[in-house]
Amino acid sequence: MSLDLSSDTSARPTTRYGSNSGQPLTRRDGILKVTGQATYAADNHPAQLAYAVMVGATIARGRVTAMDVEAASRHPGIIEVFTPDNAPAFAHDPDEKMPPFGFRLELLQNHSVRYAGQPIALVVAETLEAATEGAHLLQPVYETDEARTGLENGVQFDPQAVGVGGPPSTSHGNLDTAFAASETIVEAEYSTPAQYHNAMEPHAVVAEWNGNHLTLDMPNQALAMSCASYARYFDIPVENVVIRSPFLGGGFGSKAILNGPQILAIAAARKLKRPVKLALTRAQMYGPVGHRGQTWQTLRMGLSADGRLKAIHHRSISATSSFDDFLEPAANASLPLYAADALLAEHKGLRLDIGTPGPMRAPGEASGSAALEVAIDEAAEACGLDPLEFRLLNYAESEPGSGRPFSSKALRECYERGAEVFGWQQRLRAPRTMRDDNGLLVGWGMGTAVFPCPMFPAQARTTVRADGSVLVETGGVDMGQGAWTALAQIAAEALGLEAHEIEFRSGVSTLPDAGVAGGSGHTASAGLALSNSGLDALAKLAEIATNDPDSPLFGAGNIGVLPRGGRLVRRDDESRGERFADILTRAKQSEVIGEAKSMREPGNAEKFAMYSHGAVFAEVKVDPDLGQIRTTRMVGAFAAGRVINPRLVRSQYYGGMIWGTSFALHEAALIDHRTGRVMNADLAEYHVPVNADVPSLEAILVAEDDPYVNAIGVKGVGEIGITGTVGAIANAVWHATGRRVRNFPIHIEDILGL
Amino acid sequence: MAIQGFILPDIPSIAVQISTSLFLNGVRMSLSISLTINGDARTIVLEDPRVTLLDLLRERLQLTGTKKGCDRGQCGACTVLVDGRRINSCLTLAMTVDGAHVTTIEGLATGDELHPVQAAFLECDGLQCGYCTPGQIMSAVGLIAEGQAVGDPERVRELMSGNICRCGAYKGITEAVLAAMEKDATILKERDAA
Ligand code: FES
Ligand code: FES
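As they're listed, the protein sequences go chains V and Y.
Heads up: the first sequence is residues 13 to 766, going by the working numbering.
Heads up: the second sequence is residues 2 to 195, going by the working numbering.
Since the hints were made in silico from the structure, they are not lab data.
Be aware that a few hints might be false.
[Claimed, not checked] Computed cross-link-like contacts, EDC-like style, restricted to lysine to aspartate or glutamate with a CA-CA straight-line distance of at most 20 Å: (1) 109(V) - 336(V); (2) 633(V) - 159(Y); (3) 633(V) - 155(Y).
Generate coordinates for the entire structure from the input sequences, incorporating the hints supplied.
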């Protein structure tokens with residue numbers, strides 16, 4: 013056998029023959045999406061469908077003492093009203109966490125209310141209109157306790173873990189000594205608000221039972237894991253659960269973890285013996301489906317006389333719910349980026365009467381980077397250095413703390429190219445010194461972007477058939493990042509084919525587990541599995557051919573063979589070879605099946621620190637009289653390993669930078685502390701950027717060849733764009749106005765009265 | 002302290018009155034409307050006056066290309082053309098469009114040939130998850146038909162700002178709208194010349 017299936021990159025075709033990898037193909041699913049034919053969960057209508065509407069609590073703490081179930085039930089078309097008094101039973105206690113990522117959920121297990129928006133009833137009817145009406149008619153009555161929704165009345169605690177099982181505190185070096193040896197100390201406090209994912213597609217499910225078989229149409233970022241969890245809630249074998257999730261209308265982390273409303277709808281379908289559809293309203297997405305928790309951060313930095321960082325102390329108080337833990341690991345954003353003799357990143361938790369937060373696009377990295385990059389700007393200013401110069405001076409050549417080399421780190425090139433395209437050289441250092449022709453204050457700021465490169469266990473299958481056709485399969489997740497396209501490109505590359513020459517199946521849990529679409533690790537994880545499964549299928553073909561005296565490849569086992577446009581050819585003489593189809597036909601085999609898992613080579617994982625990097629430059633203009641802030645220009649340069657599809661990768665960076673803009677200037681959930689409710693739980697008052705908010709964006713792709721991160725050289729691009737951007741914009745606002753705003757988002761009132 | 006839960010003002014009680022009147026004397030009454038949807042004339046019996054045009058399209062006619070992002074007129078995902086004008090179908094009661102011509106995303110392409118705006122969205126990658134895309138495209142088609150903002154990116158961005166894209170595909174969207182406008186202008190010019 014000649015094809016090496018280990019992660020040794022030398023076995024891979026280095027010329028990327030016959031592959032579309034690296035090419036800006038348009039989206040494979042694009043035509044479906046622009047013609048309205050792409051089916052999202054709520055687009056499904058099985059026969060006999062009933063409609064469910066969730067009722068959410070309108071208080072943040074207390075209990076429901078009454079609901080007018082009778083009035084609701086009387087309404088024409090109502091089929092059933094579920095409340096704690098007739099709640100469905102579950103095989104798993106919703107107050108117990110379900111490993112690995114399951115949160116405590118509200119499944120009508122009692123009458124208590126622990127946050128506003130918590131499900132307290134589910135109304136099922138023949139039509140959506142009737143169910144909506146029934147839900148209104150319930151008119152819950154409450155016994156209300158004081159809502160604890162602020163830093164003042166929340167309960168602080170020392171967490172066991174932050175993020176997904178991470179240590180609450182990390183350090184290296186001796187902080188006291190490093191601060192003692194510092195010439196200058198810069199310290200400031202920052203805060204970041206609660207933010208809600210607000211994927212355009214509300215969480216929806218169409219649940220259909222057939223005996224104890226369950227089929228779910230739902231947007232889902234973690235198919236296999238979710239199947240296992242549903243199986244436990246409903247006490248059925250995991251293989252009885254099928255989740256179909258061909259397209260997600262955005263996820264951003266909110267569709268990876270089970271939530272109460274969807275489980276209730278599934279339970280209703282079982283009880284009623286009818287398919288049930290539930291789609292949350294926009295307002296209902298501000299409670300039971302996670303959010304980015306609030307943080308209050310402090311950054312203290314010690315600096316030498318020549319502007320070198322000696323010590324970084326990053327602390328975060330991260331909000332979570334009263335009953336479960338997900339803490340923004342914000343302080344950890346300081347770990348991988350700047351070289352300092354000593355560092356301490358530590359977290360405290362704060363219990364509030366809110367829905368449990370969860371991972372939201374760049375969890376921890378986004379909030380932490382927002383504070384860190386502003387603090388770095390303040391430190392540069394304190395040292396009288398240009399912010400870029402300061403960052404280069406404190407460039408980490410190896411991973412701070414561990415000293416491990418980076419598997420690749422083209423951050424210097426990102427700084428250089430970004431600065432050049434942006435025109436950073438023309439920046440005047442002092443704030444409030446630049447104006448445009450209309451008299452608006454102009455500010456230029458920058459930030460460094462960084463994001464880790466996790467990989468998740470993933471599996472894939474490649475079938476080469478005797479007619480020469482090829483099928484590749486993995487249960488991948490396309491939530492807009494372009495999995496249908498990029499994964500097909502990777503699969504095709506391994507097989508030496510063009511992407512359109514393979515049939516690619518994805519988006520259903522019955523396919524091999526493609527792992528979680530999160531952590532910016534999906535393309536690398538599922539992609540590597542696909543690539544490996546292709547190589548496995550080719551190895552099987554090679555095995556047949558090289559042992560077949562009738563094949564032109566006979567005896568080529570030691571020399572090796574390569575895939576070329578549907579043929580296997582000798583490595584030493586590409587003119588000698590034969591078609592996949594011929595190999596199989598002569599061997600009288602209908603197909604060969606390659607199967608593989610993806611795994612990072614453990615040695616590399618140990619030896620190297622692995623991150624994507626970038627540099628973001630932003631221009632803002634501020635009206636000196638009105639205080640209105642506009643981001644007028646952004647340039648981001650990013651290095652994230654090999655780029656499979658530049659068109660889609662750019663879109664990911666643009667999206668990330670727009671999220672960064674949103675973080676810096678727009679989005680925040682505002683809580684009425686008297687009621688504990690989010691006051692702006694809709695898309696009119698919870699501001700996200702619209703088209704006019706992002707007039708000019710540029711993303712530069714900096715090449716990086718990383719043989720260690722994984723065999724396909726792919727890092728991740730989904731989340732990094734937010735990091736760096738928030739700080740760049742905040743720093744630009746300071747540069748424009750001379751006003752340092754440390755509470756996000758930055759609003760007009762923060763800079764009025766300049 | 003026991004307090005009454007908050008309820009949304011007005012909307013339910015009005016709806017209740019209408020719906021009970023529909024069942025006056027135990028007789029179920031229904032309304033019939035006639036519509037032309039994507040060129041097809043249809044008569045639709047509405048058993049419930051509360052149905053919005055969006056829910057009529059999605060839940061009763063299985064035209065699910067039009068999306069619901071907010072149901073409150075705040076996101077633009079449900080944009081369709083009614084008699085050539087861009088509207089939010091979530092804010093439009095189906096009853097009120099009796100006699101109208103409705104165009105949805107499903108009605109744009111001619112067979113396998115994409116509408117120029119659809120083709121431009123694909124080419125400029127004016128989409129990611131695709132959920133806001135039908136609404137964006139319908140807004141763009143309306144905008145171009147109105148002859149507004151030709152060749153002016155700033156105006157395009159402003160006039161497309163009623164359509165939220167949480168994925169942040171705005172750069173591609175603007176490019177796509179401008180490209181389609183240009184194409185449209187060329188076609189018109191050619192037509193005029195001929
Ligand atoms: S669904 Fe109609 S505007 Fe949002
Ligand atoms: S493409 Fe996802 S919301 Fe616009």
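Hint check results:
Taking the CA atoms of residue 109(V) and residue 336(V), the gap is about 9 Å. The hint holds against a cut of 20 Å. Under the criterion of a C-alpha separation no larger than 20 Å, the hint pairing residue 633(V) with residue 159(Y) is consistent with the structure, at around 17 Å. A distance of roughly 16 Å separates the Cα atoms of residue 633(V) and residue 155(Y); the hinted pair therefore holds under the 20 Å criterion.
The structure meets every hint from the earlier list without exception.
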